[in-house]
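Engineer: Using the sequences and the accompanying hints, generate a full structural model.
Residue numbers (numbering that gives the first Met the number 0), protein chains in the order written: chain A, 0 to 356; chain B, 0 to 286; chain C, 0 to 266.
Hints listed in this document are in silico derivations from the structure and should not be mistaken for laboratory results. Don't take every hint at face value.
[As the list claims (entries may be wrong)] The calculated DSBU-like cross-link candidates involving lysine-lysine, where the alpha carbons are at most 30 Å apart (straight line), are:
#: 1; chain 1: A; residue 1: Lys33; chain 2: A; residue 2: Lys79
#: 2; chain 1: B; residue 1: Lys206; chain 2: C; residue 2: Lys10
#: 3; chain 1: A; residue 1: Lys33; chain 2: A; residue 2: Lys117
#: 4; chain 1: B; residue 1: Lys17; chain 2: A; residue 2: Lys79
Keep in mind the model is a prediction, meaning the values are calculated, not measured.
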Amino acid sequence: MPDSNGAAYLSARGISKRFGSAVGVFDIDLDVEKGMAICLLGPSGCGKTTLLRIIAGLQSADSGSVRLGGSDLARVPVHKRDIGFVFQTWALFPHLNVQRNVEFGLSMRGVESGERAKRARDALALVGLEELGGRMPRQLSGGQQQRVALARALAINPSILLLDEPMSSLDFNTRVEVRRQIRELQQRLGVTAIYVTHDYSEAMAVADRTVVMSAGRIVEQGDTAALFHHPRTDYAARFLGMHNVLDGTVAGIDGGMARVRLGEGIEVPVPVSDATPAANAPAKICFDQWLVGLSADGLVAEVISVSAEHGYTRVVACPTGTSQAIDFRVPGISLIEPGAQVHLAIDWSQAWFLTSV
Amino acid sequence: MATDSAIAETARPRTGRKLLVPLLSLPMLALFLPFLVVPLLLLIRISVGGGRIGFDGFTLDRFAAVLGDTYYLSALGITLLMALLTAAGCLLLSIPLAYFMLRQPRWRMPIIAALIGPLVISVVVRLYGWQLLLSESGPVNNTIALLFGDDARVMFIGSWSGVIITMIHTLMPYMCIAIFNSMQSMGSGVTEAAQTLGASAWQVFLKVVLPLAARGIMTGTVLVFSLSATSFIVPAVMGAGRVNTFPMLIYQEATELNFPSAAALAVVLLVLLLPLSALSTRGRNAA
Amino acid sequence: MSATIMRAIGKVYACLMIVFLLSPLVVVVILSFSSTSFIAFPPRGWSLRWYDQLAHDTAIRESLLFSIEIAAAATVLALLIALPTAVLLVRHHFPGRTALRALALSPLVLPEVLLALALLLYIQNGLHIRPSVWTLTVGHLLVIFPFSLQLISSAMGDLGPELEEAGITLGATPIRAFWLIAMPVMLPSIAAAAMFSFIFSFDNVAISLFLSVPGNVTLPVRMFELANTTNDPSLSSISSVLILAGAILMAFLGRFKLFDGVVNARQ
Numbered sequence: 000m001p002d003s004n005g006a007a008y009l010s011a012r013g014i015s016k017r018f019g020s021a022v023g024v025f026d027i028d029l030d031v032e033k034g035m036a037i038c039l040l041g042p043s044g045c046g047k048t049t050l051l052r053i054i055a056g057l058q059s060a061d062s063g064s065v066r067l068g069g070s071d072l073a074r075v076p077v078h079k080r081d082i083g084f085v086f087q088t089w090a091l092f093p094h095l096n097v098q099r100n101v102e103f104g105l106s107m108r109g110v111e112s113g114e115r116a117k118r119a120r121d122a123l124a125l126v127g128l129e130e131l132g133g134r135m136p137r138q139l140s141g142g143q144q145q146r147v148a149l150a151r152a153l154a155i156n157p158s159i160l161l162l163d164e165p166m167s168s169l170d171f172n173t174r175v176e177v178r179r180q181i182r183e184l185q186q187r188l189g190v191t192a193i194y195v196t197h198d199y200s201e202a203m204a205v206a207d208r209t210v211v212m213s214a215g216r217i218v219e220q221g222d223t224a225a226l227f228h229h230p231r232t233d234y235a236a237r238f239l240g241m242h243n244v245l246d247g248t249v250a251g252i253d254g255g256m257a258r259v260r261l262g263e264g265i266e267v268p269v270p271v272s273d274a275t276p277a278a279n280a281p282a283k284i285c286f287d288q289w290l291v292g293l294s295a296d297g298l299v300a301e302v303i304s305v306s307a308e309h310g311y312t313r314v315v316a317c318p319t320g321t322s323q324a325i326d327f328r329v330p331g332i333s334l335i336e337p338g339a340q341v342h343l344a345i346d347w348s349q350a351w352f353l354t355s356v
Numbered sequence: 000m001a002t003d004s005a006i007a008e009t010a011r012p013r014t015g016r017k018l019l020v021p022l023l024s025l026p027m028l029a030l031f032l033p034f035l036v037v038p039l040l041l042l043i044r045i046s047v048g049g050g051r052i053g054f055d056g057f058t059l060d061r062f063a064a065v066l067g068d069t070y071y072l073s074a075l076g077i078t079l080l081m082a083l084l085t086a087a088g089c090l091l092l093s094i095p096l097a098y099f100m101l102r103q104p105r106w107r108m109p110i111i112a113a114l115i116g117p118l119v120i121s122v123v124v125r126l127y128g129w130q131l132l133l134s135e136s137g138p139v140n141n142t143i144a145l146l147f148g149d150d151a152r153v154m155f156i157g158s159w160s161g162v163i164i165t166m167i168h169t170l171m172p173y174m175c176i177a178i179f180n181s182m183q184s185m186g187s188g189v190t191e192a193a194q195t196l197g198a199s200a201w202q203v204f205l206k207v208v209l210p211l212a213a214r215g216i217m218t219g220t221v222l223v224f225s226l227s228a229t230s231f232i233v234p235a236v237m238g239a240g241r242v243n244t245f246p247m248l249i250y251q252e253a254t255e256l257n258f259p260s261a262a263a264l265a266v267v268l269l270v271l272l273l274p275l276s277a278l279s280t281r282g283r284n285a286a
Numbered sequence: 000m001s002a003t004i005m006r007a008i009g010k011v012y013a014c015l016m017i018v019f020l021l022s023p024l025v026v027v028v029i030l031s032f033s034s035t036s037f038i039a040f041p042p043r044g045w046s047l048r049w050y051d052q053l054a055h056d057t058a059i060r061e062s063l064l065f066s067i068e069i070a071a072a073a074t075v076l077a078l079l080i081a082l083p084t085a086v087l088l089v090r091h092h093f094p095g096r097t098a099l100r101a102l103a104l105s106p107l108v109l110p111e112v113l114l115a116l117a118l119l120l121y122i123q124n125g126l127h128i129r130p131s132v133w134t135l136t137v138g139h140l141l142v143i144f145p146f147s148l149q150l151i152s153s154a155m156g157d158l159g160p161e162l163e164e165a166g167i168t169l170g171a172t173p174i175r176a177f178w179l180i181a182m183p184v185m186l187p188s189i190a191a192a193a194m195f196s197f198i199f200s201f202d203n204v205a206i207s208l209f210l211s212v213p214g215n216v217t218l219p220v221r222m223f224e225l226a227n228t229t230n231d232p233s234l235s236s237i238s239s240v241l242i243l244a245g246a247i248l249m250a251f252l253g254r255f256k257l258f259d260g261v262v263n264a265r266q
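Structural biologist: What follows is the structure, given as C-alpha cells:
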C-alpha cells in the first residue's frame, strides 16, 4: 500500500517494555520502508525478539505506538493484523499436513477451498516444495520445515513479514543456502521484512538495513554494507568482529589530522571527523583488519597467536609500548610463529573515530 | 522471550484479560468449594460441636474422649505401627528392585509392567487373590507345610501379618517408582564416573546412588506411610474382623451415623498426617 | 563378590519380585477355571462353570453397568473441568495461583476416608438429601480430578505457546487457535487422562462404600460384599474378566508408551 506523504511503511515510536525489574526494550524508534528488508541484530537478551513480538502484537508494550501503512495498530488485535510471522522453531502444526499448514491462514480469512488450495500450492512453489503438500511436518528436514513455515506466512500475502531467528536450528550449509533463497524471494516479491538474528553474516546476506541493538536500545543503524564496513559506534565495531578497536588519547589536532597516542611512544595520525573528541580527551579509533600488512619497517609488534583460517591466517600481535592487541589477516598460509617480532604497516588514513555507546 | 504466559500476554483489550482468570477458575471452584471445602469445614465444625449431630456450641469433649480412651489410642498406635512396618517393608523390597532397574535397562519394561499392572485393577480383586494365596489351605501355607510340617501353618488371614503383606504388595509400586525416578534423574554418568574413579559396585551403591536417591526414598516413604495409615479396605478384608485400624473405626462410626465421633477421629487422623503429606508435596514440587 | 554373581542375584530377585507382584492375579485366574464348588487351590478339576454363571448373573451385570455409568459421567466431568483449570494454572500468573493449584490437587493429599466421610456428612446433615447417583459421581469426580489435571497440565506445558501464537498471527482468534491447534495436538494426553480417570473411578472402593446408593452398588462394592459372604469361587470369574481388561489396557499403554502418565499422575 503506497504511502502518499512519504512516511515509512512501518513506523514504531517510543516503544518500551519492562519485564519485572529488567528492561526489555527502551524508547525504541524504528522505521521500515515498503519492500525493504531490515535486520535487528544483537546478542541474546538485547531486546530484538521482544521488539519483533511487540510489532507483531504477541507482546504488549508498556508505552509507544506502532503504525503500519498509516493505521495505528494499537486497536488492532493480533489475529486481525496483516502480518506473516516465521517462528524460531517454525511452529508448524504437527497434526496437519504441509498443504493444510500453508492453507491455514487462508482458511482463517474465509477463502473458499478451491482458491485456498491453489494459493497454498503457489506459495509452496515459491519455496520449491510444491511436491511435498501431502507430507506431515515430522517427515521433513529442518530446511524443508523452515521453507514451509515461510510459505505459510507468505500465502496470506501479508503487509509485512516478521522472522524470528528462523535459521538458528539449521546446520551451517543449509543456513547459507536457505537464506540466499529467502533473500532472493523477498526481493522478487517486494515483501517488506524484519529479521531478528544474532548472526551478523546472516544480516549481511538478507538485509538492506541493519539495526544493531544492545541492552534494549538501538545502538546503531544504517545501510547494511555501509554499517559493516564502517561502523560508527564502538559497540557495533566490536560486535561485528571485523575491525580493530583501539583506545587512545588525542595528543593534538593539526588541521584535518588528529594525533592519537595509543601507548608508550606510539602516536598515529587519524583523519578528523564529527566523532573526534577534543585534545587530551580519550578516543577510540577503528580500522579494518585487512588494512594491516607486514612490512620491513613500521610499528614494532610481538606476535601473540597465529591461527589458520579458511583462505588466510589470522594473526594477533601486540605493539611494543601498549598492551592492546591488533588483529589482522595475512592471505594464504603464513609461517609466522608466536613470539616473533614483526613490523606492521597500517594505513592510518583509512582509520576513523568511533563514538562510545 | 516466549514464556508460558505469552499467549496470555497477547495484546487484547484490558477488560477481556481481566475477566479471563475468574472465568477459567469457575468450573474448578464450582466443584471444590461446595463439595470439598465446605464439607471439610463442616467436618471440622461438628468435631468440635456438642449435641447429637454436633451443631451445639463448642466443646473439645470428643477429642478428649478419643485421646483419653485406650481403645482409640491403641487403635491409633497400632495403625501407625502397621504403617511404619509397611513403609519399612516396601523400602526393603523397593530399593534393590529400583537399583536393578537402573542397572539393567532391558528389564525395566517388564518390571514396570508388573508394578503398574496390579494398580489398574481394583483393589478388591487383588485382595481376593491374596485371600486365596494366604488362606490356611492356600498355596503359601501348603508350601510352608511341605517344608516345616502341618503345625507350622501360619494364620495370615485375620491377623496383622496378612494385612501387612497385602499392604506392602499394594503400596510397593508407588515406593519403587518414586525411588527409581529419583535414581534415574541423576543420570547414568554419575555412576560411571564413580566406577572409573575406582569405586566397587557396593561402594557405588552406598556412597553415590543411595544418597542421590534420598529424595525419592523420602517421597516414597511418606507416600506409603500415609496411604497405609489411612487405608481401611485392606485391613477390613484381610483382617476378617479381628483387626481394627483407625480408619476402620471411622467407617464404623459413620455407618452407625455417629458423625460427630467419626469426625473427631477423622480430624485426629488429618492432623497427624497432613504435615507429612505437605512435606512430600513440597518435595515433589521442588524437584 | 564378582559382578556376574551380583547380576545373577539381581535377576533372581527381580523374578521373585515379579512373581510376588503378579501372584494374586494369577491365582485368581487359575481358580476361575476350577470345577469344584468349594475353594480349592490348586483346583481339583477344570471347568467353565463360573463363567457360565457369570453370564447369567444379573446382579453383577447391573453393578458392572452401574460402575461404567458412574465412571463415564465422572470422567467426562473431570475432563470438562480439568481443561479450563489447566489453561488457568499453566498459562496465567495471578495472586493465589499456588493456593488454587494446591486446592485442585488436594484430593491426592487428603485421606480418602476423610473425603468420603466429609462428603457423606455434608449430604446427610448439610444438604439433607439422600445419597444418590449424582452424589456418588461427585465423590468419584473429586478423587479422579487431580489425575486428569496433572496429565492435561503436563501436556499443555510441553505444548508451549508457539503453535497457538502461529495460529493467531495467521488470523485465528485465541479461542479458535486453542480449539483448532492446541486441542488436536494434546489429544493423546487427553485420551490418556480420560482412560486413567475412567479406571480410577471404576476401581474405586472407599468412596463408593461411603456414598453407596441403596439398591444400586458399583461393581467393586458388590464384589466386596460378596467376598465376605460367598464360599465358592464364583467371584473369580468376574475378577478374571477385570484382570483381562487390565492386561489389555497395559498392553495398550505399553504400545503407546504412556507409562509415564500413571507414574507422574500419582506423584
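Engineer: With a cut-off of 30 Å on the C-alpha distance, tell me whether A:Lys33 and A:Lys117 pass.
Structural biologist: 27 Å, holds
Engineer: For the pair supplied as a hint, B:Lys17 and A:Lys79, confirm whether the alpha-carbon distance does not exceed 30 Å.
Structural biologist: 21 Å, holds
Engineer: Checking one constraint from the list: CA of A:Lys33 to CA of A:Lys79, max 30 Å. Satisfied?
Structural biologist: At roughly 20 Å apart (the allowed maximum being 30 Å), A:Lys79 and A:Lys33 satisfy the hint.
Engineer: Given the hinted pair B:Lys206 and C:Lys10, is their Cα-Cα distance within 30 Å?
Structural biologist: 23 Å, holds
In the structure shown, no violation is registered for any of the earlier numbered hints.
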